[in-house]
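Asker: Now for the letters of each chain:
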Amino acid sequence: MLRVIGKRLALLVPTLIGLSILLFLWVRNLPGGPATALLGERATPEAVERVNELYGFNEPIIAQYLTYMGKLLQGDFGTSIDTGRPVLEEFATRFPGTVELAVVALIFAIGLGIPLGYVAARYYGRFVDHGSVVLSLLGITVPVFFLAFILKYLFAIQWPILPPDGRQDPRMDATHVTDFYVLDGILTGEWDAAWDAFQHLILPGIALGTIPLAIIVRITRASVLEVQNADYVRTARAKGLMEKTIRNRFILRNAMLPVVTTIGLQTGLIISGAVLTETVFAFNGIGKFLADAIFALDYPVLQGFIILIAILYAVINLLVDISYSIIDPRVRVS
Amino acid sequence: MQESATPPRSSRPAKKRAAVVTAGLAIGALLLSGCVESQRDEGTADGGEATVDSTFVFAASSDPASLDPAFASDGETFRVSRQLFEGLVGVEAGTADPAPLLAESWETSEDGLSTTFALREGVTFHDGTEFNAEAVCFNFDRWYNWTGVAQAPSVSYYYNNLFRGFADSPDAAVYESCEVNGDLEATVTLAQPFAGFIPALSLPAFAMQSPTALEEFAADDIGGSAEAPALSAYAEGNPVGTGPFKFDSWSVGEQLQLSTYEDYWGEQGDVETIIFRVIDDPQARTQALQAGTVDGFDLVSPADIPTLEGEGFMIVPRDPFTILYLGLNHEVEELSDPLVREAIHHAIDKQALIDQTLPEGTQLATQFIPDVVDGYNDEVTTYEYDPERAMELLEEAGYPDGFEVEFNYPTNVSRPYMPTPEQVFTNLTDQLSAVGITATPAPAVWTPDYLDNIQGSANHGIHLLGWTGDYNDTDNFIGVFFGQEKLEFGFDNPELFAALDEARGMTDREAQTAAYEEINEQIAQFNPAIPLAHPAPSLAFAPRVDSYPASPVNDEVFNMIELNE
Amino acid sequence: MRFVDILLSVPSLLLAVSIAAILGQGPYAVMIAIGVSQVPIFARLLRASMLSQRGSDYILAAQTLGLSRSTITMSHLLPNSVGPVIVQATLTLATAVIDAAALSFLGLGGGRPQTAEWGRMLTYAQAELTNSPQLAFLPGICIAVTALGFTLLGESLRESLDPKTRKK
Chain R
14 MLRVIGKRLA LLVPTLIGLS ILLFLWVRNL PGGPATALLG ERATPEAVER VNELYGFNEP
74 IIAQYLTYMG KLLQGDFGTS IDTGRPVLEE FATRFPGTVE LAVVALIFAI GLGIPLGYVA
134 ARYYGRFVDH GSVVLSLLGI TVPVFFLAFI LKYLFAIQWP ILPPDGRQDP RMDATHVTDF
194 YVLDGILTGE WDAAWDAFQH LILPGIALGT IPLAIIVRIT RASVLEVQNA DYVRTARAKG
254 LMEKTIRNRF ILRNAMLPVV TTIGLQTGLI ISGAVLTETV FAFNGIGKFL ADAIFALDYP
314 VLQGFIILIA ILYAVINLLV DISYSIIDPR VRVS
Chain D
266 MQESATPPRS SRPAKKRAAV VTAGLAIGAL LLSGCVESQR DEGTADGGEA TVDSTFVFAA
326 SSDPASLDPA FASDGETFRV SRQLFEGLVG VEAGTADPAP LLAESWETSE DGLSTTFALR
386 EGVTFHDGTE FNAEAVCFNF DRWYNWTGVA QAPSVSYYYN NLFRGFADSP DAAVYESCEV
446 NGDLEATVTL AQPFAGFIPA LSLPAFAMQS PTALEEFAAD DIGGSAEAPA LSAYAEGNPV
506 GTGPFKFDSW SVGEQLQLST YEDYWGEQGD VETIIFRVID DPQARTQALQ AGTVDGFDLV
566 SPADIPTLEG EGFMIVPRDP FTILYLGLNH EVEELSDPLV REAIHHAIDK QALIDQTLPE
626 GTQLATQFIP DVVDGYNDEV TTYEYDPERA MELLEEAGYP DGFEVEFNYP TNVSRPYMPT
686 PEQVFTNLTD QLSAVGITAT PAPAVWTPDY LDNIQGSANH GIHLLGWTGD YNDTDNFIGV
746 FFGQEKLEFG FDNPELFAAL DEARGMTDRE AQTAAYEEIN EQIAQFNPAI PLAHPAPSLA
806 FAPRVDSYPA SPVNDEVFNM IELNE
Chain P
5 MRFVDILLSV PSLLLAVSIA AILGQGPYAV MIAIGVSQVP IFARLLRASM LSQRGSDYIL
65 AAQTLGLSRS TITMSHLLPN SVGPVIVQAT LTLATAVIDA AALSFLGLGG GRPQTAEWGR
125 MLTYAQAELT NSPQLAFLPG ICIAVTALGF TLLGESLRES LDPKTRKK
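Respectively, the protein sequence lines represent chains R, D and P. Heads up: the first sequence runs through residues 14 to 347, numbered per my numbering. Heads up: the second sequence runs through residues 266 to 830, numbered per my numbering. Heads up: the third sequence runs through residues 5 to 172, numbered per my numbering.
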């Protein structure tokens with residue numbers, strides 16, 4: 014299997030090179046260019062010229078690209094124009110927040126989605142089933158940022174039971190070790206800090222987890238329905254196995270296969286959703302920073318973040334494929 | 266993971282493995298929790314006599330760009346800098362006029378070139394070092410001797426703009442030298458007259474910083490990569506000034522914390538800890554105030570003011586130090602005709618515009634500077650709202666049926682002088698169409714499209730733009746707008762350019778003020794663009810805030826905040 | 005296909021955002037951005053669908069009859085593989101409505117501000133959320149209902165095209 018993983022990772026290389034070229038061309042062709050973005054209201058032509066010269070925007074594009082790639086290979090993703098910090102550092106400081114958020118969203122989606130889909134399939138055609146189908150349809154069709162707004166409006170403003178923004182209360186005196194705030198609170202024994210950080214994850218987590226939830230409900234339902242009527246289930250029943258055994262060992266396990274794949278595919282959705290959700294909840298993660306970078310035309314950040322996200326995306330899908338082969342002995346990664 | 270020759274047969278191993286992993290993680294976490302220590306000071310939570318919660322949380326719209334104000338030009342950086350640093354010259358409370366701060370007094374020589382500052386005694390930097398004449402000269406020489414990236418106009422914006430040259434380009438430089446005469450007296454000599462020298466020193470960009478810390482944390486070492494300037498260690502987390510607050514911590518993108526400097530020479534005030542919480546969405550800032558996570562924020566949206574006031578929040582308007590104008594591109598044939606420009610001016614009901622789209626406290630503009638700025642002319646020629654007259658003028662100019670013109674405006678942006686450009690656009694379009702001028706909408710995103718188009722090309726008609734002043738300097742307003750031929754307005758008026766150039770170089774303040782009054786009248790006659798309003802930006806605060814030292818030039822230091830609980 | 009893989013390696017909303025940022029504020033920017041960002045999905049889908057049809061008996065028969073490659077592809081392979089694509093297209097309509105709203109929300113909506121567009125209405129309504137929440141709720145509900153309609157259409161299309169799930 015190691016060889017297979019190696020091969021998959023090797024295939025990633027040409028994809029990333031292609032991606033970096035596309036991104037590079039894209040960014041250099043942005044209207045206006047970065048100099049104006051830097052200077053603002055009072056950009057005189059001379060000032061723009063000086064900035065272009067200083068930052069090397071005047072060099073031929075191929076030279077600029079080669080310089081960029083050379084640095085990239087040394088792990089230097091450049092420096093953010095907006096904040097003056099290395100792009101990699103910006104990514105690293107914000108990554109834990111997004112991971113925490115994604116984990117809560119996935120726990121919400123999986124924890125609620127699989128039982129709901131399963132129950133819907135078991136009571137196929139009855140009220141519970143229709144209810145869950147309607148709910149999952151709604152979940153797919155409500156825009157993420159709209160849902161985020163409603164949640165925030167209802168549960169942070171109208172009935173302020175949860176915090177409206179950020180990752181932790183500003184007044185919370187918390188020690189940060191790993192930058193995973195919930196984990197930090199647990200590690201240092203600052204339970205109030207951990208609880209506070211967790212509360213900040215609930216609303217954005219729900220907003221972010223709703224689409225994956227809806228999809229998981231549907232896939233689980235469809236897949237359980239299909240497995241329920243499979244021959245081997247009938248055989249198991251005929252053999253007189255206990256209903257519990259049949260459900261747990263035969264139906265659920267086999268029905269989980271497509272669900273696991275779906276969960277892997279949700280990462281893309283979660284990253285896209287994070288851009289919107291984090292913006293609404295002023296949550297300091299990579300999604301919000303990316304949205305800011307779009308506004309500010311902070312192109313070292315745009316380039317670096319999109320490449321890092323692509324790598325992440327590929328690695329997650331690889332992990333999903335591997336776990337797939339663990340759950341299903343018939344499937345071997347190849 | 267190893268490749269196994271025979272796939273596992275039954276379902277169990279996977280599940281068990283998961284359980285083992287979970288248990289392992291849990292044990293690991295427990296073990297770790299022994300090693301990682303909480304850095305919390307257990308006993309400090311406001312014990313004793315403190316009756317107010319001395320922590321003040323302010324919602325900032327972004328992180329500061331840098332903690333070194335010398336390399337900054339944006340409002341959020343300056344807001345933080347003003348707590349940490351002080352300049353030689355301060356600002357008279359509630360006005361835009363210079364006042365003593367670290368310098369108790371100053372004296373300027375006859376020729377206006379050298380100024381001797383008498384420094385305040387007993388002032389120390391946060392690192393314990395003394396503030397004295399040597400520190401003053403160290404700072405002036407530091408700015409002057411910048412090299413490389415530090416000289417870029419985008420990096421050291423204000424020094425570039427006001428002092429123009431550096432040690433390696435002395436011909437352009439305004440600054441010449443600084444001399445230490447004793448511990449508490451320093452003389453700064455300029456190479457050319459600069460009437461705005463004293464007021465300029467009130468900018469946070471020229472605040473006094475600790476020479477020891479600047480050197481220790483390599484403040485000028487900002488070369489970094491060629492792509493963009495990288496922050497120095499000083500600017501990232503070691504700023505040292507003389508202000509009432511000292512730097513605590515900064516978690517980028519989230520919050521920045523300052524705390525009282527015990528040995529501050531002045532008043533300490535109610536606030537002991539300031540937290541600047543980063544919330545970039547304006548609506549989210551309002552909501553954070555409503556939810557109680559922050560105590561205040563800046564630039565309240567006019568639409569939210571009634572709601573917030575109704576809910577018991579305090580709205581503090583600043584005296585306007587802004588100008589919003591309707592720019593006219595003289596390259597457009599119709600607009601090059603003075604009669605048409607006059608007609609447009611008469612067609613606009615500025616008061617209606619202010620009532621309908623701009624925040625409370627906004628003043629009607631008759632000229633391009635707010636009234637607190639030197640050179641404001643009370644008797645300037647005005648163009649009253651008179652649609653009849655406007656139509657007559659249009660007919661006289663040869664456009665009896667009006668004409669069509671492109672109307673450029675930015676979208677999705679909020680500036681201190683223009684909270685909602687779309688509303689201003691809609692309002693003005695209606696007013697113009699009432700006299701027969703059809704405005705074709707040409708919206709664009711603020712940066713870079715809009716600014717590029719307006720300032721970098723002649724391809725626009727009428728447009729919305731404005732400016733927020735930095736300090737009391739007339740040239741900072743009208744000199745910027747009309748001091749030279751610009752693509753934004755597209756006119757060439759050598760007489761006006763010369764007048765502005767001459768006024769800028771004057772050393773006598775009174776003569777300069779008189780000159781600017783005259784220039785304002787000259788501009789009003791020429792009518793190159795239409796000053797609309799001086800919008801007043803407002804702040805909003807939680808009920809526990811009793812007072813806030815609002816300043817037209819944002820010189821707001823939080824030790825002056827009064828809290829009641 | 006490598007090119008498609010490159011595009012697939014970026015989440016589709018990010019792709020749309022990138023394209024919209026290049027195209028600027030033109031009225032067609034959003035349409036193109038969303039269209040292009042969906043290309044990889046359709047390319048993948050049609051490829052998979054055609055590959056699975058390639059080994060079918062009728063294709064073999066056509067090949068034995070000596071039909072030209074292009075005839076086989078155009079008149080046999082393509083019509084038989086296009087089913088899932090049509091279904092996906094209907095479902096994508098829902099996604100497109102939502103993505104367009106999301107682009108508006110991120111300030112990349114394109115067109116004029118006074119153009120009536122739900123995503124933009126929703127975005128502008130945020131500023132008034134505390135005073136008049138209905139301004140935000142109504143366009144939000146319109147977006148959701150439209151997307152729901154397209155999804156239901158796609159679902160029923162899928163069911164009627166797929167014999168396995170067709171109701172008896």
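In case anyone wonders, no lab produced these hints; they're calculated from the structure. Glycine included, C-beta positions come from ideal geometry on N, C-alpha and C. Among these hints, one or two may not hold up.
[To be verified] Example chain P residues on the side facing chain R (calculated, C-beta under 10 Å, incomplete):
#1 F46
#2 A105
#3 A106
#4 A148
[Claimed, not checked] Per the computed footprint, the stretches of chain R lying under chain D, defined by three or more beta-carbons under 8 Å from a beta-carbon of chain D, are:
#5 96-110
#6 176-184
#7 274-281
#8 321-328
Asker: Taking the closest Cβ pair, is F46 of chain P under 10 Å from chain R?
Answerer: violated (16 Å)
Asker: Taking 8 Å as the C-beta cutoff, is the stated coverage of the stretch 321-328 of chain R by chain D satisfied by three or more residues?
Answerer: Answer violated; 0 residues pass the 8 Å Cβ test.
Asker: If you count the residues of the stretch 96-110 of chain R with a beta-carbon closer than 8 Å to a beta-carbon of chain D, do you get 3 or more?
Answerer: holds (count 7)
Asker: Is the listed coverage of the stretch 176-184 of chain R by chain D valid when you require three or more residues with a beta carbon under 8 Å from a beta carbon of that chain?
Answerer: This one holds; 9 residues, not fewer than the three required, reach chain D with a Cβ under 8 Å.
Asker: Holds or violated: is the Cβ of A106 of chain P closer than 10 Å to a Cβ in chain R?
Answerer: holds (6 Å)
Asker: Hold the hint about A105 of chain P up to the distance rule: shortest CB distance to chain R must be less than 10 Å.
Answerer: holds (5 Å)
Asker: Does A148 of chain P pass the interface check with chain R, least Cβ-Cβ distance below 10 Å?
Answerer: Hint holds; A148 of chain P Cβ to chain R Cβ min 5 Å, cut 10 Å.
Asker: Are three or more residues of the stretch 274-281 of chain R within 8 Å, CB to CB, of chain D?
Answerer: Violated, because only 0 residues of the stretch 274-281 of chain R bring their Cβ atoms closer than 8 Å to Cβ atoms of chain D.
Hints 1, 7, 8 from the list above are not met by this structure, while the remaining hints are.
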